[in-house]
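Here the structure of chain A is known, so what remains is to put chain B in place on it, guided by the hints.
Each chain, written out:
Protein chains: 2
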Amino acid sequence: MTTTPRRARGRQGLVLVFTGEGKGKTTAALGTLLRAWGRGMQVLVIQFLKAETGQWGEVKAARRLGWEWYKMGDGFTWRAQDEDDSAARARAGWQLAQDKIASGRYDLVLLDEFTYPLHFGWLATEQVVAWLQAHKPPATHVLITGRYAPPALQAYADLVTEMRNIKHPFDAGMRAQPGIEF
Amino acid sequence: MTTTPRRARGRQGLVLVFTGEGKGKTTAALGTLLRAWGRGMQVLVIQFLKAETGQWGEVKAARRLGWEWYKMGDGFTWRAQDEDDSAARARAGWQLAQDKIASGRYDLVLLDEFTYPLHFGWLATEQVVAWLQAHKPPATHVLITGRYAPPALQAYADLVTEMRNIKHPFDAGMRAQPGIEF
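Heads up: the sequence lines are chains A and B, in that order. Per the numbering used here, the first sequence runs over residues 15 to 196. Per the numbering used here, the second sequence runs over residues 15 to 196.
Everything labelled a hint here was simulated from the structure, so no lab data went into it. These numbers come from a predicted model, not from an experiment. Not one of these hints is a red herring.
Think about it this way: if two alpha-carbon atoms lie no more than 30 Å apart in a straight line, the pair counts; the simulated DSBU-like pairs of lysine-lysine are:
| no. | chain 1 | residue 1 | chain 2 | residue 2 |
| --- | --- | --- | --- | --- |
| 1 | A | Lys74 | B | Lys74 |
| 2 | A | Lys181 | B | Lys114 |
| 3 | A | Lys85 | A | Lys114 |
| 4 | A | Lys181 | A | Lys74 |
| 5 | B | Lys85 | A | Lys181 |
| 6 | A | Lys181 | B | Lys181 |
| 7 | B | Lys85 | B | Lys150 |
| 8 | B | Lys150 | A | Lys181 |
| 9 | B | Lys74 | B | Lys150 |
| 10 | A | Lys74 | A | Lys114 |
| 11 | B | Lys150 | A | Lys74 |
| 12 | B | Lys181 | B | Lys74 |
Residues from chain B shown here face chain A by an in silico Cβ test under 10 Å; the list is partial:
| no. | residue |
| --- | --- |
| 13 | Gly36 |
| 14 | Lys39 |
| 15 | Ala43 |
| 16 | Lys74 |
| 17 | Ala75 |
| 18 | Ala169 |
| 19 | Val174 |
| 20 | Thr175 |
| 21 | His182 |
| 22 | Gln191 |
Beta carbons: idealized from backbone N, C-alpha and C, even for Gly.
The following block holds chain A by itself, in its conformation from the complex (with noise of 0.2 Å):
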């Protein structure tokens, strides 16, 4: 009789993190959802940084399929004068994720562009790290997308992978297409 890892019995909860300057990086997320949601699981959207106007496409899409889908970014940036604002919509997005991931009711949560409350210091790394460690339900999935995500995030994640840029529309003067950009 063989054994198995640990780990390999039954459903293994994972922390996956999509980073990289690259096209793509909630766009993969989105199919992972999809991908999720095909099998009947509970997903769950909370978006720390875009602006809506940005991603019309896939709040349609939400919408239409019926996924929680929460934004905390609206029009928040990281510029200096906006710092107080942005850090506080951080803590209270970041707060409303535990609170989800916590409750143990999803499969899959995506904390969408959450590197850069990270990045910015609007949020400390390791204590976030520390409370997925503590807090994140076993069996639930927590998939986090954005650039610069930091080294000890990456350290803790089970799965990272980097979106690159070979080459892009807009590098040829293009405009952003509706429906495939946003």
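Showing chain B alone in chain A's frame:
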């Protein structure tokens, strides 16, 4: 009065390539389809490589969403003994893709894992690119995924994103998780 570049006027169908060794190529493609579907666009999937068992989550999701989804590659591999059969399936898949793309009925066509038939020489990249240049309706987006995207395809594409593995749970001996990996 300023002039805008010709390509920036109205809708410009893009050719997108998601390539690289990392996870997330097909996943990002699914997210792109979801975003387009959210805007009411007509989407279509032709899969060139994977066996059905590897993609339960997305196939179930596509069925629930009513997306058209064709599999040309059920179980085909690139082992030498299968090459004739693989090449024949790839040619049949590409014929279907040509018919569907040329019909103009789709806003976004995903040719999933289409780089492999090109890489392995079952289809000539130059002929595929030439056909797309001549026959792809201007407003139709075509998205191609897979490792080893040939240079001629990358040169023709409007957008090329490379997915790179930084860290992967299989490295740590963890089993693939249903709904997340497949």
